[in-house]
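Heads up: the sequence lines are chains A and B, in that order.
Using UniProt numbering, the first residue of the first sequence is number 1, and each one after it goes up by one.
Using UniProt numbering, the first residue of the second sequence is number 1, and each one after it goes up by one.
Simulated from the structure, these hints should not be mistaken for laboratory data.
Errors might be hidden in some of the hints.
Quick list of in silico lysine-lysine cross-link-like pairs, BS3-like style, CA-CA up to 30 Å [as the list claims (entries may be wrong)]:
no.	chain 1	residue 1	chain 2	residue 2
1	B	K75	A	K158
2	B	K177	A	K537
3	A	K490	B	K115
Far from chain B by the CB rule (all over 12 Å, computed), these chain A residues [unchecked claim]:
no.	residue
4	Q130
5	E226
6	G262
7	I272
8	F283
9	L295
10	K304
11	Q307
12	T357
13	I408
14	M480
15	K481
16	A514
17	H560
18	D566
Note that beta-carbon positions come from the ideal geometry of N, C-alpha and C, so glycine has one too.
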Amino acid sequence: MAFLQQFALLLALLIVFSTSCKAATLEVDSVEVGHNYSSKSSATEKTSTSTNDSTDGHAPSVISTLPIVTWKWHHVETPYLVALWILTCWLCKLVCELNHSVTSVFPESGLLIMLGFILGGIVWGADKAQTFKLIPTNFFYYLLPQIILDASYCMPNKLFFSNLGAILIHAIIGTCWNAGTVGIALWACYEGGAMGNLNIGPLQFLLFGALISAVDPVAVIAVFEEVHVNEVLYILVFGESLLNDGVTVVLYNVFDAFVSLGGPKINAAEIIKGIVSFFVVAFGGSFLGVVFAILISMLTRITKNVQVIEAGFIIVLGYLSYLTAEMLSLSAILSITFCGVCCQKYINANMDEKSVTTLRYTLKVMANGSETMIFVFLGVSAIDKNIWVWNTGFILLTIFFVVIFRFIGVFFLNWILNQSRLIPIDITDQFVMAYGGLRGAVAYGLAAILDEKKIPEKNLMLGTTLIVVYFTVILQGITMKPLVQWLKVKKATHSDLTLNGKMNNRAFEHILTAMEDICGRMGDNWWTRHWNYFEDKYVCWLLLKSDARKHKDPIFGAFHKLNLEDATKYVTEGERKGSLDFIRNYDSASVDFKKKLALEYGDITPYITADMSEYDFGIDNVPVTSVMKNPIPSVSLDIHEQDRKSMPDDLSAHHLLAQHLYKSRRDNRPTYSRSHYNTSENPDEMQEIFQRTMRSRLEPFKSAKMGVNPAKKLSKHPKKDSTHKPNGKPADPHRTHPYGDEDFEFSADSASSSEIAGNFHRRSTNTPGAGVDNPTGNNTAVAPSQRAQGRLPWTPTNLRHLAPLRMSTRSTDSFVMADASLDEEAPEEKPGTHHTRL
Amino acid sequence: MGSTNSTLLKIPNVEVLMQETGFSPAHIIRLHDRFKALDKEGRGHLCPQDFGAIKELAMNPIGDRIIGAFFSPGKEMVDFHTFVKILAHFRPVDKDRPKEPNSPELINSRSNKLKFAFQLYDQDKDGKISRDELLKVLRAMLGMQVTEEQLESIADRTIQEADLDRDDAISFEEFRKSLEKVNIDHKMSIRFLR
Chain A
1 MAFLQQFALL LALLIVFSTS CKAATLEVDS VEVGHNYSSK SSATEKTSTS
51 TNDSTDGHAP SVISTLPIVT WKWHHVETPY LVALWILTCW LCKLVCELNH
101 SVTSVFPESG LLIMLGFILG GIVWGADKAQ TFKLIPTNFF YYLLPQIILD
151 ASYCMPNKLF FSNLGAILIH AIIGTCWNAG TVGIALWACY EGGAMGNLNI
201 GPLQFLLFGA LISAVDPVAV IAVFEEVHVN EVLYILVFGE SLLNDGVTVV
251 LYNVFDAFVS LGGPKINAAE IIKGIVSFFV VAFGGSFLGV VFAILISMLT
301 RITKNVQVIE AGFIIVLGYL SYLTAEMLSL SAILSITFCG VCCQKYINAN
351 MDEKSVTTLR YTLKVMANGS ETMIFVFLGV SAIDKNIWVW NTGFILLTIF
401 FVVIFRFIGV FFLNWILNQS RLIPIDITDQ FVMAYGGLRG AVAYGLAAIL
451 DEKKIPEKNL MLGTTLIVVY FTVILQGITM KPLVQWLKVK KATHSDLTLN
501 GKMNNRAFEH ILTAMEDICG RMGDNWWTRH WNYFEDKYVC WLLLKSDARK
551 HKDPIFGAFH KLNLEDATKY VTEGERKGSL DFIRNYDSAS VDFKKKLALE
601 YGDITPYITA DMSEYDFGID NVPVTSVMKN PIPSVSLDIH EQDRKSMPDD
651 LSAHHLLAQH LYKSRRDNRP TYSRSHYNTS ENPDEMQEIF QRTMRSRLEP
701 FKSAKMGVNP AKKLSKHPKK DSTHKPNGKP ADPHRTHPYG DEDFEFSADS
751 ASSSEIAGNF HRRSTNTPGA GVDNPTGNNT AVAPSQRAQG RLPWTPTNLR
801 HLAPLRMSTR STDSFVMADA SLDEEAPEEK PGTHHTRL
Chain B
1 MGSTNSTLLK IPNVEVLMQE TGFSPAHIIR LHDRFKALDK EGRGHLCPQD
51 FGAIKELAMN PIGDRIIGAF FSPGKEMVDF HTFVKILAHF RPVDKDRPKE
101 PNSPELINSR SNKLKFAFQL YDQDKDGKIS RDELLKVLRA MLGMQVTEEQ
151 LESIADRTIQ EADLDRDDAI SFEEFRKSLE KVNIDHKMSI RFLR
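Construct the complete structure from the given sequences, taking the supplied hints into account.
This is the structure:
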């Protein structure tokens, strides 16, 4: 079956692909002049071929009669080819991802290159020439920017800046070292006669060294994403690869200028100019990026009325920062990198959560899309007889030097860095860093724009670059994972977001700065603190919306996020069951206990739930675990909800909440533009969420504090049980009786509900920690809605009805009634609950 | 080297101190200079006012507590040995040092680092961070943007997160557990100049 599917896909791929080939050949037949140019450009993305097309496409022909339909290929030629190629490349990715046993061994980037070989072979077979190539212009203007923007926007900010020193040293000094040594060593070998007779001078060798020394972020991301190394190592490799692209381009330009000047004209003044221009270009580009970051952040302060396109601003301005830098001949890559890194914090705070998600996903789609295309085209470009000039000595020596000098450089620089690092980079990490020096499309792009007039051996260099790229991406890519495992490189540890962690982080920072003050030295913490102070006082004032400023505190942010998460779980669980029954049974405070429960006592929860089902208590025998695993109802007519399944938890938390909890209110307002919790427009809503979750969560504490210990015991029991396996206690349906005294904590209304045995058991089984129900808010909140549920379809809108009632009405009888009816009807229709009610 | 030795000789029991804290002679000398600089009146010990004179420390929201950590209860002064020992908590853990199985726990061990942080919260020294104690620290650290109610709920939630035995307070054991995944060695170390 799986094979069939793969086969079908491959077939589809071939069909799409052959269409584009066919199209190309059609084009060859008809447009003789512009053939090479237009088809090349169409291979990647839109360029200015429109002039070409318009003349051909609109060629006026004498018609004798009115045609009903006409064949207008030339109208759509370029965009059509572009679209087809994009589709082809993406289908390639799909094919690669079909079989996970392959991708677990073989990095995807390598597979894509190989598929590119096949496609290139087909094109070659059909056209007898390589009509599709990765054109440097397209690569640098249409494929690269979004990848860099995405990478820098998603960069772990704090980690990046705290390791910026090391990253910069590796990016600047390391790259210069690589460029210089590779160039000189190759030249020395050439002089020594290792590569026969070539028409290359020392400057050309240096130029080649410069272009080959760029560690490629695209390749690095693609490979390192799959290996999950520890975060410091990741940021070092990744940050370096991002920044050194900029450096490489600058170096390349300097050497290119030297080559054009020619050997004799280069004197000390020119060299100094070259060095100055290096720094001006690199730092100027970075500075321009920061300027754009400030612009973007300020712009997002005022975009709340055009929320729909809010995310677009970032992309356009990011792209503009790239182009502007290019225009000023500053480093475009550095510009867009710093733009993304610097603005992320502020725009995330300023923009609506939805826009942030949109931006993140749009960037991801664009970046992954173009990454795929780059790899495929790296493969396709290779199948071209014209570029291959084979020189064994040159090629092998290049590979050798590239690898060797990378290792030497990394080890040496790390040795220097380790002298002053608090946490030294250990030797395995250094090894992986050196080994992770993958070359990629940037090097190819730079090689492809070499001027053949100035560098006669351009094709040799291009071919060698391709081979180095293949060598590093495919060979090193494949071996990276086993190597990381074999060296036992520290892997990334995923830690949950906890308030304790956040709070203590802050405390630690304060302690450390204090200690540095006492020791009387200006350490790293001194800088951090002064930057924070400055940021608080001026930067945030300038770049953040006033209400966003309020929420910027990380401790508060974590708190807010956790609350939202809880509230979301609370709602989804209820939805899952198709009733609001959960509000009574799952006191919202239970949610985080359950999180712990699931982690610590995961082994017994199934027992509980399994036994529960025997005693069929109605709706509630939906296993707790499954509720937790799948936070979104399995049956839902809301399409968007399904889309969100794959989102990270925190995002989906915000979204589900926005979708469900207060949607109705929002819909009532004439605009839909604001989310509900962080706006000044509806502070009461925010207050409401806050109070609601907090009150319910705090209730168990208060009661526990009042000296009613059973609640405490309840939570402890499962833990004890977990050691000597359920002895029937947690599973026993009557197990609540020992804790019967928890009834004390129910106020009159909730106590009446607890008389319904089923509910009672359920509550205590599912949520031992929260067995103490809260007498205040939530119980009464359910009542009207449950009744309403009988009549109205269950939608989040109903929640609106409860809002006003929640505080005032305490209709206990309806509560019981609704509950009883629910218990009767629910078990049978459980799976379809949503369906029917929606 | 001669001057190094002469400075070292002035400090009584310097060998023991180095043994206990793991500081190198260069560290000790630098710290001793600093100690003397802080001790403006040359009494040979520091009192809270001396710490208070450090300008930056006054800006630190939990600066008082940190100063307090240098003084054992009831005492109003701290001598050089104690001073160095407190600072030794923040020495990075050295991996090269062979770990002798029966050697006493180093001052800069993980749990000692944590203990230091813990006692900053636990001002009444009852071995537990109560809600009030936590609230005070939070109030100091969170600043003005957060309202009192929010502060309280944050405190409650924080306790709830860490509180395993449901006594509405965080014991050291719970504190340690809640930070299990945090790399304390990284987060509670500073570089000491040689």
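Against the structure, the hints:
1. B/K75 with A/K158: Given that 30 Å is the threshold and the Cα spacing comes to 40 Å, the pair is violated.
2. B/K177 with A/K537: 36 Å, violated
3. A/K490 with B/K115: With a Cα-Cα distance of about 27 Å, the restraint between A/K490 and B/K115 holds, given a limit of 30 Å.
4. Q130: 51 Å, holds
5. E226: 23 Å, holds
6. G262: 50 Å, holds
7. I272: Non-interface label on A/I272 holds, nearest chain B Cβ at 36 Å vs cutoff 12 Å.
8. F283: Consistent with the label, A/F283 stays out of reach of chain B, its closest Cβ about 27 Å off (over 12 Å).
9. L295: 26 Å, holds
10. K304: 20 Å, holds
11. Q307: It holds; A/Q307 is separated from chain B by about 24 Å at its closest Cβ, greater than 12 Å.
12. T357: Its Cβ never comes within 12 Å of chain B, the nearest being 25 Å, so this holds.
13. I408: Nearest chain B Cβ is 24 Å from A/I408, so the label holds.
14. M480: 24 Å, holds
15. K481: It holds; A/K481 is separated from chain B by about 24 Å at its closest Cβ, greater than 12 Å.
16. A514: A/A514 is in fact no farther than 12 Å from some Cβ atom of chain B, at 4 Å.
17. H560: 9 Å, violated
18. D566: 10 Å, violated
Taken one by one, the earlier hints fail for this structure at numbers 1, 2, 16, 17 and 18, listed in ascending order.
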